[in-house]
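Since the structure of chain Z is provided, determine the placement of chain B on it from the hints.
Note that the protein sequences, when read in sequence, are chains Z and B. The numbering of the first sequence is the numbering used here, which starts it at 28 and goes up by one. The numbering of the second sequence is the numbering used here, which starts it at 1103 and goes up by one.
Just so you know, these hints were derived from the structure itself, not from any lab. Certain hints may be false.
Said to hold, decoys possible - Reference excerpt, derived from the structure (chain Z facing chain B, CB under 10 Å, subset only):
(1) Asp76
(2) Thr81
(3) Ile88
(4) Ser91
(5) Ala134
(6) Cys189
(7) Ala212
(8) Pro214
Unchecked claim - Looking from chain B toward chain Z, a few residues come up when the C-beta cut is under 8 Å (computed):
(9) Tyr1212
(10) Asp1216
(11) Ala1231
(12) His1235
(13) Ala1236
(14) Gly1238
(15) Gly1272
(16) Ala1277
(17) Val1279
(18) Phe1399
(19) Ser1401
(20) Glu1402
(21) Ser1443
(22) Glu1445
(23) Leu1446
Stated by the list, open to error - Some chain Z residues flagged as far from chain B (calculated, every beta-carbon gap over 12 Å):
(24) Lys71
(25) Asp117
(26) Ile148
(27) Val151
(28) Pro166
(29) Lys206
(30) Asp210
(31) Phe307
(32) His308
(33) Thr322
(34) Ala327
(35) Arg328
(36) Leu348
(37) Trp350
Note that this is a predicted model, so its numbers are computed, not measured. Beta carbons: idealized from backbone N, C-alpha and C, even for Gly.
So the chains spell out like this:
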Amino acid sequence: MITLAKALNAGLRKAMENDPKVVLLGEDIGRLGGVFRITDGLQKDFGEDRVIDTPLAESGIVGSAVGLALRGYRPVVEIQFDGFVYPAYDQIVSQVAKMHFRSGGRAPLPMVIRIPFGGGIGAVEHHSESPEAQFAHTPGLKVVACSNTVDAYWMIQQAIACPDPVIFLEPKRLYHSDKAELDLAVPPVPLFASRLVRPGEHVTVVAYGPTVKTALSAAAAAEQEDISLEVFDLRTLSPLDLAPVYESVRRTGRAVVVHEAHVNLGMGAEVAARITEECFHFLEAPVLRVGGWDTPYPPARAEEHFLPDLDRLLDAVDRSLAW
Amino acid sequence: MSRFVQLLTPEGERVEHPDYEFTGGPDKIRSLYRDMVLVRRFDAEATALQRHGELGLWAPLVGQEGAQVGAGRALRRQDQVFPTYREHGVAWCRDIDPLQILSLFRGVDYGGWDPVEKSLHLYTLVIGAQTLHAVGYAMGVQRDGAVGTGDTARDTAVIAHFGDGASSQGDVNEAFVFAASYQAPVVFFCQNNQWAISEPLERQSRIPLYRRADGFGFPGVRVDGNDVLATFAVTQAALQRAREGGGPSLIEAFTYRMGAHTTTDDPTRYRHADEVEHWKLKDPLARVEAYLRRNGFASEAFFTELQAEADALGERLRAGVHALPDPTPHQLFDRVYAEISDELAAQRDSFDAYAASFEGAAS
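Extracted from the complex, chain Z is given alone in its bound form:
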């Protein structure tokens, strides 16, 4: 059994072994192995030229990674915490996302920006955010979120192999708690595909990242009351892969989307709109969204109320069923 953190580490190692152009950049990723130890041991084995401890400046990290990519490298950037990505926001949105487009396809930019995201670890301010919608809203970026150890191992390698820039979101609260056996004989799911993680009949639940586990717990609890939830892990947030979700909603007639990010203009809003467009005549209830409130992320001692948990998700399921 390995943890999600170890799986990412193993995936990065594999990608570096397979392609000498893969270089890692970030704060404290070298000797320390990153604040979450995701890059543990990699600088020792691949050297300081490939696992680059950077000055403490996020825009500088992403901006210099752009230059490395233009020179033919495949940079993998670590942003230390979600709330610290904003100093690099201009480089990501105006430079990384648009380079292929601006150059008429002459300057592809294969790079990965890894961001530990989400809350639930009792952290201080700016350490628990879910900024995914801001990147999914940006044409030119691809955005994925892993939810489990096996996916983490494969998805990081697939993201690095992708010819386009990928925002790679890692559910930090699962880094050391999610564990799995890694069976390399089982072929990986494609990167830009959603996945049915639990079949069911009554309500379709759409989750990604840390809330997939919440959704599965909710499904187990609902089963005690003879309510059967069908759970999807989106995995890819841009592009979205919703065809399997549409098929599900046409059977269940009900859908609930759950994420930690603020509900207003979050991923749930897009998913709900698309389900409504594609499944209008099959819906028995409006698509409901469960997520963080439209407040800044709260101090740690209130985060349990902010984060969508099993009860808030089941409450939404009940409201959907009662419609």
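Chain B in isolation, oriented as in the chain Z frame:
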């Protein structure tokens, strides 16, 4: 004003400098002069084309030809350039067809050249963002082992262009930090043209810009940016230092934006006409012409033929701009990603179907 490196005075007199020498002969000087004349004509044509409604906007370089041609001609083929949006003279030196630059300002594309083939990255409009790209590119050069080998065809330098306004940007300062930390082979080339739109240099800096380098741990030098010979010599030395593994350096090319910031700007609202008149006396072209004529290094025929060449360039640009094809919506979808997603392809196909639904639409 602090002293700067100058090798040719505004009056056209060659002067010596203890650290820098222009080693080229009259051929080289005529060639630099030709570049400046043609670039100035290109710029004037572009301004006129904007006034005629053929370009959405133009950012004139008039007054900065010496700085740009000096820097541009100091490059070797393998060196990589990261320009701002006003580097028309540098682009000229990289054999970019001026029509490709006009196409950007016309709204046809965001840069029609191949940044790798031409060793000139796309114009960058977000102020200072490209300086970080230059440093990252230079870090890649280091990893490729293309620094300090002694092989003149292999050792590579990177040059990052920016202006006095950009010197206040976080990205530029982060680029300085990263370049110094990794001793990256990059030259920071700041054209201090005295004005960031309406804001004078004093709003950006309390010390001469070249002295900023000291605080970051690499050398800085101020050069007379209106002196093409000095700018060439100083840039050549800085690039060579970078190629040899000597690390980054900063050049402040002290020059003046003779025109408006862009064609939408009105400099009469914020600066005095006598300031412009004062800088006219330091014109980068006039001093070279005076030098060439006084020393008999160029015949009258040279100037006449150059004038004819400039006229032909202007004619070609005027005709060429009209012939630039508008982009099609279909192309735009295909340029977003190296691998288009199913959902974007569906959006493209849906728009195609919508466009085709109109009567008389091309099938």
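Tell me the numbers of any earlier hints that the structure contravenes, in ascending order. 7, 8, 18, 19, 20, 25 and 28
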